[in-house]
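Protein chains: 2
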Amino acid sequence: MESSRPDLAALGEVYPRYLNAVVLHGLATAQALGMGPTDLYAMGALALEGRLTSGELAVRTGLTTGATTRLIDRLEQRGLVRRVLDPEDRRRVLVEAVESDGVDLDAALSPARRNLEAIFASFDPDQIAVLADYFARAAPAFRAAVEEIRKGE
Amino acid sequence: MESSRPDLAALGEVYPRYLNAVVLHGLATAQALGMGPTDLYAMGALALEGRLTSGELAVRTGLTTGATTRLIDRLEQRGLVRRVLDPEDRRRVLVEAVESDGVDLDAALSPARRNLEAIFASFDPDQIAVLADYFARAAPAFRAAVEEIRKGE
DNA sequence: GTTAATATCTGCATTGAAGCAGATAATGAA
DNA sequence: TTCATTATCTGCTTCAATGCAGATATTAAC
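Taken in sequence, the protein lines are chains B and L. Under my numbering, think of the first position of the first sequence as 1, with each following residue one higher. Under my numbering, think of the first position of the second sequence as 1001, with each following residue one higher.
No lab work stands behind these hints, which were simulated from the structure alone. Because the structure is a prediction, the values reported are computed rather than measured. One thing to keep in mind: the hints can contain errors.
[Claimed, not checked] Just a few of them, taken from the derived set where beta-carbon distance is under 8 Å, the chain L residues facing chain B:
1) L1008
2) L1105
3) A1108
4) R1137
5) V1146
Note that the Cβ used here is the ideal one computed from N, Cα and C, for glycine as well.
Kindly generate the complete structure, drawing on both the sequences and the hints.
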């Protein structure tokens, strides 16, 4: 975050703290729910994608397929997730989030959601567009960084 | 992220994916370094604060003091951290990051840093100001959410 | 100076996450 | 059909992270 551009220096002040807070929030949420951070991440991925195969979950989490089976077991036992056999290829198992049951998960995430909504509401449309642009580009940037990190093992 | 304001709808599309990517990045980084997510978070907190007492680390991580002692042990054994007795109160142990040693940690974080710098560089000063404002306010929002989540146990 | 409170550490035990290797089942190719 | 490949699961084992309760050392209060 070091830069010769003075406007970027402002980011150097606030951005690391912001990232740290996001990470902490993820950890604390997992703690509060009594699950591991990986399990919580998997739930997030499922919420975004709707359904993922066991293998896709393994790739995303960076776990072996065996460990992923156990991860799905844990989520299933909590009623957060359901296994569905893929009709296209019956070797595959589709995992999908169970909607109405995830009350505790929603509850755990709601304080952050509420606080963030208040912040977003204070920006005007042009500013929201800037933020949305940033989020849209930062997400793949982080994912690319993950791939790069994983390659270097 | 539901909202009647149409400009906020754009955030609902991108923001959850963004957060998920950030969380994934934290997990993958910890995996790559062969440490737990909590340990990595602690390193981040130390990088930001310079030094923290063992007790402060316990509060931040949400661990018991005993578990925090072990966390510090792990970081110390890796040479990432140093224990310093607080001269003001010799019961306390100050923990501080060891600078030049954390090469692997820096290396693991550098892909994300590089990618993000490229993104930030594409915004003009006004836009950077918007982003900086968001980061500055979102960080305490997340921390407040963490406290709220923890209270509800 | 004695007692209480605070900060950290230690021993012990538990639990859970994960890897690995082999088993099972389904698909695809020859 | 037969063989190879792919996707998931299971049994077994290991290791790390954590909690808890008690020990120690330091400070603060009376």
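Taking the hints in turn, this is what the structure says about them:
no.	hint	in the structure
1	L1008	holds, 6 Å
2	L1105	violated, 12 Å
3	A1108	holds, 6 Å
4	R1137	holds, 5 Å
5	V1146	holds, 4 Å
Hint 2 from the earlier list is the only one contradicted by this structure; the remaining hints agree with it.
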